[in-house]
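Undergrad: Residue-level listing of the chains:
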Amino acid sequence: MLDQAKPSLLEIKNLRIEATSYPPGEAPRKVVLVDDVSVAVEQGKVLGLIGESGAGKSTIGLSAMAFARGGARLAGGQILLNGRDIRSAGPSDLRSLRGREVTYVAQSAAAAFNPAKRLMEQVIETSLHHKLMTRAEAEARAVDLFRKLGLPNPETFGTRYPHQVSGGQLQRAMTAMALCPKPDLVVFDEPTTALDVTTQIDVLVAIKAAIRDTGVAALYITHDLAVVAQVADDILVLRGGKKVEYGTTDQIINAPQQAYTQALVSVRSIDHVEKADTAPVLSVANITARYRGTNFDVLKNVTVDLSAGQTLAVVGESGSGKSTLARVITGLLPTAQGRITFAGRILSPDLASRSKDDLRELQMIYQMADTAMNPRQTVGTIIGRPLEFYFGLKGDAKRKRIQELLEEIEMGAGFIDRYPAELSGGQKQRVCIARALAAKPKLIICDEVTSALDPLVADGILKLLLSLQAREGVAYLFITHDLATVKAIADKIAVMYRGQVVRYGSKTDVLTPPFDDYTDLLLSSVPEMKLGWLEEVLASRKMESGGN
Amino acid sequence: MHPVVKLVTQRLALGLLLMLAVSALIFFGVEALPGDTAQAMLGQSATPEALANLREKMGLNEPVLWRYGHWLYGFVTGDMGVALTNGEDIAKSIGSRLGNTLFLAFWAALISVPLAILLGLLAARYNGRWPDRLISGVTLATISLPEFVAGYLVLYFLAVKLQLFPAMSMVFPGMGVFERLQAIILPVIVLVMVVLAHMMRMTRAAILNVMQSAYIETAELKGLSPLTVIWRHAFPNAIAPVVNVVMLNLAYLVVGVVVVEVVFVYPGMGQYLVDHVTKRDLPVVQACGMIFAAVYIGLNILADVVSILANPRLRHPK
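So the protein lines, in turn, are chains A and B.
Note that the working numbering has the first sequence beginning at 484, numbered continuously upward.
Note that the working numbering has the second sequence beginning at 388, numbered continuously upward.
It should be emphasised that the hints constitute simulated quantities derived from the structure, not laboratory data.
What follows is a list of derived Cβ distance ranges for each label pair:
(1) MET388/B - GLN820/A: 30 to 36 Å
(2) GLY537/A - MET388/B: 47 to 53 Å
(3) GLY508/A - LEU505/B: 39 to 45 Å
(4) PRO704/B - SER571/A: 44 to 50 Å
(5) LEU1021/A - ALA601/B: 27 to 33 Å
We put the beta carbon where it would ideally sit given N, CA and C, even for glycine.
Okay, chain B solo, but in the shape it has when bound:
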């Protein structure tokens, strides 16, 4: 078998295994909490008979492994159960929320990833000179601000003072793409500020590392300009470390945006999760946990696969 196929298959299998482990952790973790779903639904004043009835009805008396299997099977087939608080189908509510979160993450990534790589290339090109210091200084300053501070600063200046963009990022079904984009400009700016520095620094470091290689001298002695040398000869060899950091940041854009969504009242996964944690709606928390884990693991596998594909020794064996 081609080594790439083998390695990629291994990574995928490992990812599935990891996903299974995470699902067990989420399910049994919630299971270990005091009280159960029936208790949570009926509250403190429930009579023992009502609890027993509800447990019987919800299948809570079945053995725990059976319930885990049932839950996992439901999850895989798209049935995540119903929310305790409002009886809505979880899969359906999450569907639109996840769509919103991905929409926000997509635009933030579309701006931040190319920008970070471009800035990283420039910083490496002018290593130690003023463009490098300026880029590093500004991006480090933006990453040092906590997201909510950055969020409120952006709100204050761009929405309140200059009134350029709406302060609330409300989106609803039936909204046009252009209106949606207008609504999410502020959270996108904040997210770009948060993730830019990490990816930029990694691109810069990876390229400077490669710049020590003998083949960079070969390229310089061909008479290529410094940026051509970096772009054509250094960057292709710096992809693997850069991709890993990019994927971690993409995962953050999906999984870690809770604060930003709350600041801008954006109806995404983060808000949904926070709402239901406060209401102790365990099935929803479990479902959100699974989706976040899947995104995280999926993107990291993708990073591994891209790194494997970027390695010519694996792509073209002897």
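Next comes chain A alone, as it looks inside the complex:
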């Protein structure tokens, strides 16, 4: 893959990165974050780094600037940038290369911009600091980049503060900030992960065009293989800090060699046959809701039905009212108008006046399993609480039931005395599922339960949810922004946009053309695991994404 005649811009050889962890009550331990990784990036080329969380992709990306986060050390190997080893360079050498030769685009631009400074000041700061341009030149270049990246009013965009522009715009402004000093290499660290799917595609297009126009080389870090396939020339697949596979994008996507890469490529291929309608367990009729102290309806006239033992997926981007619908059904936010029927009973609008059975039969699972569990309780206590509260189980009977539930979530009784901190992300979410199941609910509301998980782990959770549904006959109201998940799990789909249901029906009906404009935009924005998808989709879109 390497052209020996032309030296690479960045060449990482046998890189090893270590950190020291300090487990409470134990001796400090050495942890290897990255082990024996070698890659090369040539001028003007894009290398994709892909892997799940903890794979070491950001750590490797930052090592291209000889930067190590929070106590990590670049312990071994070579990092050759423009031919010289920067791993052991001194602080002033590092300062002169950071921002001048290599720049960085962070995952969350909203957090990575200083809230107290205007965007222009921050975008041109590097160019001025390294004395690469005069202020006038830098500002002209920034405006030019704003225009290239499709930002609104490029001449005046820089006078705004970070909180005055949207997340997608900030991400593009961050790209402008990285490109402004004309670096040789840009490290993109999950630049579109925090964005809505319809915004992601615009930012992706902008980044790709900017890379092409400026001829800069890039490291593109992401956990989404479909995204990286659109921008990278080569891909390095990582797992647990080690190389799994390294090849051209074409080879990785179309002919993956390693089992792990094959699993990544074929992820989300769950085949779910939709079930026919039966008697509804939940009927939401003409719901309108607003938050206290506002005069804006966050939900407008929402009507959906959910049959017993089936899954209704509620899809939409952030701010569309999906989670508000969950809050209304659970009674956390009382409705202004409309009626909710659950298991044949009319639900009282507010939580306090609902019966214990209402509460028991309607359970919820959250996006952040971390924050949904008390970190000081064991798994057994967490799952045992609803058993005690709803069924009065105690002692051995309770312990036996907890063990059954742990078997059901495919974790085994050995986990009963563990604390949440000792579990992986997927295991935490499984415990939350067990806790919901413990109440023997008729309906579980799943609010973005797989969004915070790596693709393979998320796949496992979806499979578990489906098998539990087949066994226990529980219905799911599945809130998500991810259409691939919807395809995998839904029987019915409701597409939400600005507080209204714009499309509703069985999965087949909703996903079959002709589409309304919004559904078309949403569906076409989901990255597909094939080369050239980005260009295809741009040619066939009906509607621009909403002002981002």
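Given chain A, put chain B in place with the hints provided.
TA: What follows is chain B alone, placed relative to chain A:
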């Protein structure tokens, strides 16, 4: 209306309300003490007739709310009444005393605030290393000394032993600014020692808190030097907590300097208040209380306003 204007107006209105509450507390608190002004003026041996006459003359027989209103109106229009002990116009005596106190506070603040912020920045820059420990150690040691001990130590070494500066901080009308400055050097040193640590620690803590933010990493990855990162990116986001502590200390410099003024025989508000408390001169005590409260409330409102103005989300709404 612009949210900043609205918030600032709210703060000002709240301040006025608070001032009104304080004035009521001061007036009725003094009113609740046994005896009244007439009793205090004439002393224990006064005849009932003399007391009654004086009360009539001073309007003490009027209803208490009327007298409160009258007192408050006088205060607002600059008429604070006369001191019982010497019959002097209170507003006039306080005027020069307050000027002296503010003069002392001004110079102490001018030195201590920039110094505290600079030391705080340095301590944050070298967090956990020897400059941080040295700065923290020295400032904590100086704040731990009671002011009068610090005052006498400074007096002993700088005035008595080395004879660098005058031991007494006497100032009088007609003195030149330079002579005045020379006179107040010692109390300024003591005040700086007392207020430095608090502001320094807060600056350090606020900056270290901000240093956890993602945008600090962005700044580091731009190749900026650590001090530039702190000064340009961390400090602007640490202003609000720092300003609040600075204002509390400025208020202390005006309101809490009683001990230092007494140690150095400086003719400021503190001395004046102490003198008149011992003589049970209630109108003067009331007037001093009002002025101290006004300074305290005023500076805290100022801190709030600066915090509001330092917040770009409020300054530049969407």
